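Residue numbers (this note's numbering): 115 to 298.
Honestly, the hints are just simulated from the structure, not real lab data. A couple of the hints might just be wrong.
[What the hints assert, rightly or not] Distance condition first, Cα-Cα at most 30 Å in a straight line; then the derived BS3-like pairs of lysine-lysine: (1) Lys168 x Lys142; (2) Lys142 x Lys279; (3) Lys168 x Lys279.
If you're wondering where the values come from, they're calculated on a predicted model, not measured in any experiment.
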Amino acid sequence: QWHLDNNGGLQLVEGADVDILEAWAITKGRRDVVVAIIDDGFDLSHPDLSGENKIVAPKDYVDGDVEPFPEDRTGDYHGTPCAGVAIAEENGSGVVGAAPQCAFMPIRFDLRAGDQELWEIFDHASRFADVISCSWGPIPVFAPLSSLIFDKFAEITENGGPRGKGALILFAAGNYNAPIFDAD
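Given these sequences and hints, build the entire structure.
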């Protein structure tokens, strides 16, 4: 897990990491802090995603239920490693996430979702999550964001989250070779 603490090595630049040891000296998270991961399928039986009170308010917008498991036929397992990077339990097995003691809200959706469904997904996540992580991004043809989604994001960052004090929304940079900043 060189991204957490990188001491250099073959094809690695020493110190090119997230300085996690310094962060962990302050906190490794708390169960009352919920991290929503919005992605495709999640293997909720994976030991790194298990723990007492770990999973909170799961939702599957593909199947319309609360079991956001991946489907073998579509290979939608991307959500599992994305969740692991963020919140994998520190259990002596597998990997450990940046915030291993935080709770996990898995939300499975179809990456082709339109604005109305995205609005619903983010609205749902914002009722429970302090952090909303998306390891995907809108394809360039959908940039800039519609006013519906832009306004929802603004509302969530200002007043969302379980305490109504705002929630952090994170997106991966550079997906689809898209620009990081779109001024329009």
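Quickly compare the C-alpha distance for Lys142 and Lys279 to 30 Å and report which way the hint goes.
Status holds; Cα separation ~21 Å.
Does Lys279 lie within 30 Å of Lys168 when you go C-alpha to C-alpha?
Distance of about 22 Å is within 30 Å: holds.
Satisfaction of hint between Lys142 and Lys168, Cα-Cα up to 30 Å:
Since the Cα atoms of Lys168 and Lys142 sit roughly 14 Å apart, the hinted pair holds (cutoff 30 Å).
No hint from the list above goes unmet by this structure.
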